[in-house]
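Q: Sequence:
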Amino acid sequence: MSLRICILETDVLRPELVAQYQGYGRMFEQLFSRQPIAAEFDVYNVMNGEYPAAGERFDAYLVTGSKADSFGDDPWIQTLKAYLLKLYERGEKLLGVCFGHQLLALTLGGKAERADKGWGVGIHRYSLAAHAPWMDPQVSELTLLISHQDQVTQLPEGATVIASSDFCPNAAYHIRDQVLCFQGHPEFVHDYSRALLDARQASLGNEVYEKAVASLATEHQGDLVGEWMLRFVQQPKANA
1 MSLRICILET DVLRPELVAQ YQGYGRMFEQ LFSRQPIAAE FDVYNVMNGE
51 YPAAGERFDA YLVTGSKADS FGDDPWIQTL KAYLLKLYER GEKLLGVCFG
101 HQLLALTLGG KAERADKGWG VGIHRYSLAA HAPWMDPQVS ELTLLISHQD
151 QVTQLPEGAT VIASSDFCPN AAYHIRDQVL CFQGHPEFVH DYSRALLDAR
201 QASLGNEVYE KAVASLATEH QGDLVGEWML RFVQQPKANA
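The sequence shown: position 140 = 140 (full-length UniProt numbering), numbered continuously.
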């Protein structure tokens, strides 16, 4: 039986990128469709106030990336935080990427803020600090496409770091068998990352931009992380 994943989309793409990439929800659908675990998806753009009907149930809820600040006071962000807290208290499985990774940390008692190290862009390499059963296939290091200037600087209580680097110490974490979050973007592809870099070149500065573009010659392990996420969802909850 297919897993049912609710994708809570927290952004809209730049107008010039919509025709090719559609949206972050669609990118995640494409990522998960390449994995050996069957899944089906419903996408709700929470920026526009879209949420599942009260009676809908899913195997997991995924919060996407966004250009918004996770610590912002926008009404839609506060509504989403309250919704996620209810899901967590109900025992639902929660997944977060970039903005979602930060927002879930904030919602559950951690801290996220503008990083003093500046923009992280291009391909980034992480050391793995833990090996859970659902992290299969196993690897010794992890590479992911990234695009962020905010970071989780304090983890929620009970969180375990999975991946880290000097630049981003809390790059991925899980909370037991219920929450799994990544700062990097497993759903990104190289061409989309290059398009974002080109759009942000002026704000990044030439040195950061050129280093990030050069890094795109390296492969990233987004598909691996996509498989880990589905294995995490598939894993029975300890209290089930």
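If you are wondering where the hints come from, they were derived from the structure by calculation, not from laboratory data. In this text, all values refer to a predicted model and were calculated from it rather than measured experimentally. Some hints could be false.
When the alpha-carbon atoms are kept at most 25 Å apart in a straight line, the in silico PhoX-like pairs for lysine-lysine are as follows [as the list claims (entries may be wrong)]: (1) Lys211 x Lys237; (2) Lys67 x Lys81; (3) Lys117 x Lys86; (4) Lys67 x Lys117; (5) Lys81 x Lys111; (6) Lys117 x Lys237; (7) Lys237 x Lys67; (8) Lys211 x Lys86; (9) Lys237 x Lys81.
Q: Decide, hint by hint, whether the structure agrees.
A: Hint check results:
Restraint check for Lys211 and Lys237: not satisfied, since their Cα atoms lie roughly 42 Å apart, outside the 25 Å limit. The straight-line distance between the Cα atoms of Lys67 and Lys81 is roughly 16 Å, inside the 25 Å bound, and the hint therefore holds. A C-alpha spacing of about 33 Å is found between Lys117 and Lys86, which places the hinted pair above 25 Å, so the restraint is violated. Using a Cα cut-off of 25 Å, the hinted pair Lys67 and Lys117 holds, with the two alpha carbons roughly 18 Å apart.
Taking the CA atoms of Lys81 and Lys111, the gap is about 13 Å. The hint holds against a cut of 25 Å. For the hint linking Lys117 to Lys237, the alpha-carbon distance of about 37 Å lies beyond 25 Å, and the restraint is violated. Note on Lys237 and Lys67: the hinted pairing is violated, with a Cα-Cα distance of about 32 Å set against a maximum of 25 Å. The suggested pairing of Lys211 with Lys86 is violated, with an alpha-carbon distance near 42 Å, which exceeds 25 Å.
Taking the CA atoms of Lys237 and Lys81, the gap is near 23 Å; set against the 25 Å cutoff, the hint holds.
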